[in-house]
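Student: Assemble chain H onto chain Y, guided by the hints.
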Amino acid sequence: MTWRRTRLLSRVCFGRLFENDLFSSSVSASSGLTWILAALATPGVMFSGSQMFFYAHVRTFAPEKQDRILFISQAFHVDFAMAVAAVITMLVWTSLTPDRRDALVLGPLPVQVWEQALGRLVALAQFTAMFAAAVSVPTAIVFTFLTVGPADVGHVPARIAGHVAATMLGAGFVFFALMAAQLLLAATLGARAVRLATLPLQGMALLAMVAALSFTTRLADVLVAPETAQHGWAQWNPAAWFIGVYRWVAGDPREVFATLAVRAGLACGAVLLVVMVACPLAYRRCLQLAIAGEGRRGGWWSGAGMRLWQASLRMWLRTPLERGLATFITATLTRNHAHRFLIGSYAGIAVLCALPIAARLLGPADTAAARYAWFSVPLGLMCWGAASLRVAMMLPVEPAANWVFKLTEPVDKQRVLSTAVTVIQSASVFPLSALFGTGAAVVGGVELGVMVAGVVLATGLALVQLLTLTLRTVPCTCSYRPGQLRLRVLWPVYLLVWLLVAYRLPYVALWALGDARRSLLLIASLCLVAAGLRLWRGYRARRLAAFVYDEVDTSTATTMGLSFGSS
Amino acid sequence: MLEARSLTKYYGALPALRDASFVARPGQILGYLGPNGSGKSTTVRMLVGLMTPTSGDVRWQGRSIFADLPAYRRRLGYVPEEPHLYTHLTAPEYLRLVGGLRDLDEPIMDRRIDRLLDLLGLADDRYSTLSAFSKGMRQKVLIAAALLHDPEIVILDEPFSGLDIGAALMLREVIKGLSAAGRTILMSSHVIDVVEQLCTEVVILADGRVVAHDRVDHLRRLQQDASLEHVFVKLAVHHDVEQSARALIEAVRA
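Respectively, the protein sequence lines represent chains Y and H.
So in our numbering, spot 541 of the first sequence is number 541, and the numbers just go up one at a time.
So in our numbering, spot 250 of the second sequence is number 250, and the numbers just go up one at a time.
Bound conformation, chain Y alone (with noise of 0.2 Å):
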């Protein structure tokens, strides 16, 4: 009987993986699936296809450069699936270990805790296996196809198995040693230490994603050559391990990726087995612990930062409605997971960008090109920040509890349009201008500081007015699908403003700077700019009769074949 109960609650567990608060209880399992494994396998189909004719190219021309260009396709396919396999267990973070819900549904019945600790590690290697085959298996098979010559037609299935073999477990190493992290934390400190951990876990998992995926180029250089690739560092990095794993399976005789191989099944192996061990230990005294009602959340800092945060924006709201709304929109973007990693990611990707020209700004600023890294690297990061805060007050939050602003919908839908302008710009334009400004005075003299936090700032108005001309609700209430976003629509134009932004804008700056009347043109100018889209949207904003929640009928089950029993 043991079997049948590991399986119901297998299933019963993963239809829990989706109830996080990435997934509205709004939007089904089933299509809300449909389109991450959707989202997740195009990256890697889509490199490949875009890669093409360069294969082709080196194939035919220059084949002494093909192994190399292999290796570094190949090291980017495994970091990757790796990198996915972070994301994802960020995501669902909060629906690895019981909740009060598991520990009262369940806690009743005659079910042990270890058959519901094994029910979750059943559930949660399914999910793990589906989101790795969804990244592997179409890659697989495009880029096998694509990188093979005629001569290496033979060589295609076992290619096809080392890429598969490869991706799934870098994959699922990372989502199970992210898991026994959690289960080793929850098992010896409690719920309450994974909630305290999340936070610089979900920093140092998006650190690991950025420098894995940097790294990729030198990684494959290093384990191409046989003279380098026993180096120690290359010995001892995870991505290494997977593609010794993908040569290995794939054919490749060299001694050096057999050891890669057997470290990956070794450490693949030790997380597993960490796993197994802390599960039901982890499992039993979070029960406990969500009975007991282990609640308490953030110590004296966090209210006094909450505090601090609020006096400042006081500044600038000026009626309850508003002061109201700020905190609701702070609080969320916050002290939610999702958000915290969105807005996480968008700071990742943004210093990512930054890095190859933010080593200037550790130099003297008498060069032009120093100059420019003071221009660029606010203006950049400024751009993905404020991006972040606008994407992640799309997400759902609690659909359910969306009667509040129903019932009480303000008249003034501009005032509340204007709130979420002024927490975006009070979160990242300010703070950059001022942080930016203040160092490149310190650095290059006043006249450049006030350059910069002025063009930082003005143009930071104008940004975040743009990037709230289609809000049509109030921020983070909505239950939005994934594909439903209405800002997908517009990532081309964010895309092409960034660029614009970060690398053509200050070139204007340096050629107004050291002239008062240029330099208060280009101001005045990113001012009008700001301002023409702040009428902008106050008309857009007066116009609108009601705001959007944008609700879907749940009254059907889509349920995944989650049925239960005979039927």
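Any given hint could turn out to be false.
Claimed, not checked - Ranges between beta-carbon positions, derived for each pair:
#  : chain 1 : residue 1 : chain 2 : residue 2 : range
1  : H       : R172      : Y       : W35       : 43 to 49 Å
2  : Y       : T327      : H       : R246      : 49 to 55 Å
3  : Y       : R335      : H       : D68       : 40 to 46 Å
4  : Y       : T327      : H       : V241      : 30 to 36 Å
5  : H       : R74       : Y       : A38       : 42 to 48 Å
6  : H       : A181      : Y       : L189      : 44 to 50 Å
7  : H       : R126      : Y       : L321      : 41 to 47 Å
8  : Y       : L189      : H       : A67       : 26 to 32 Å
9  : H       : A245      : Y       : A546      : 34 to 40 Å
10 : Y       : M276      : H       : P107      : 31 to 37 Å
11 : H       : D207      : Y       : L321      : 40 to 46 Å
12 : Y       : W35       : H       : E82       : 28 to 34 Å
What the hints assert, rightly or not - Stretches of chain Y that chain H covers, calculated by requiring three or more beta carbons in the stretch to come under 8 Å of a beta carbon on chain H:
#  : segment
13 : 2-9
14 : 95-103
15 : 122-136
Source of the hints: derived by calculation from the structure; they are not laboratory data.
Since this is a predicted model, take the numbers as computed values, not measurements.
Ideal Cβ positions, reconstructed from N, Cα and C, are used throughout, including at glycine.
Tutor: Just chain H now, kept in the frame of chain Y:
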């Protein structure tokens, strides 16, 4: 016979329940009353085995339930105070999950589920996920889940919460019927009228202590009051209700 022996529970240094002892016998409906924060839910959770007492014990047929919790839970039907359900499931799916975890025979389980859903007026909503259910409908699902395996012990924590009048009247008769069939029933509720009509004995809690445990008619006689409500107010409510209401209205107007 379900017996609570000197049950005590501390949350850290905070006492939630102190030295609570009472007995629920087969064929009896034991009412469990107390103001908010008096320790009712804590007691119920310990009786269900969701929580271990700091000291004291819960005994079923003379044996501690904590010695073999799964065996005890096989005999137990529990309707929790909070309607926690897996809302991505439909009502039949949820009930099949519960029945499956209780190792019920599938054909019997399916027949019972169909019958229970019909009787509770949920048959038309069998294809809706529980996320679309109202509070009352969820409560009906919880009641069905608690009774699905014909339990020997039934523990009901605010079972009438959210139920419409018809369903509440039916549940009242169900509880009486189960009691007549020799089941042991403990019911925690704030609806004193219902407790007065249904329960043979009541336990009244205040500030984490049992302040009364007796037959309803005996309590009324002892306190020289016409209703259980007055007895309850005398024993468990330590503030002037009217004065508090006036203060609340003033606070809103201020």
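Student: Range first: 34 to 40 Å. Now tell me if the beta carbons of H/A245 and Y/A546 are that far apart.
Tutor: Distance hint for H/A245, Y/A546 holds at roughly 37 Å.
Student: Do the Cβ positions of H/R172 and Y/W35 conform to the proposed distance bound of 43 to 49 Å?
Tutor: Between H/R172 and Y/W35, where Cβ atoms are some 48 Å apart, the hint holds.
Student: Verify the CB-CB distance for Y/W35 and H/E82 against the hinted window 28 to 34 Å.
Tutor: holds (32 Å)
Student: Assuming the hint says 40 to 46 Å, is it satisfied by the Cβ distance from Y/R335 to H/D68 or not?
Tutor: holds (41 Å)
Student: Are there three or more residues in the segment 95-103 of chain Y whose C-beta lies within less than 8 Å of some C-beta in chain H?
Tutor: holds (count 3)
Student: Using the C-beta atoms of H/R74 and Y/A38, is the stated range 42 to 48 Å upheld?
Tutor: holds (45 Å)
Student: With 44 to 50 Å as the target window, see if H/A181 and Y/L189 comply at their CB atoms.
Tutor: holds (48 Å)
Student: Can you tell me whether the CB distance of Y/L189 to H/A67 sits inside 26 to 32 Å?
Tutor: Check passed, 29 Å falls within 26 to 32 Å.
Student: Would you say the C-beta atoms of Y/T327 and H/R246 sit inside 49 to 55 Å of each other?
Tutor: violated (32 Å)
Student: Does the hinted range 30 to 36 Å hold for Y/T327 and H/V241 at CB?
Tutor: 34 Å Cβ-Cβ, so the 30 to 36 Å window holds.
Student: Between the beta carbons of H/D207 and Y/L321, is the distance compatible with 40 to 46 Å?
Tutor: holds (41 Å)
Student: When I compare C-beta atoms, does the segment 122-136 of chain Y have three or more residues closer than 8 Å to chain H?
Tutor: violated (count 0)
In terms of the numbered hints stated before, the structure departs from hints 2 and 15, listed from lowest to highest.
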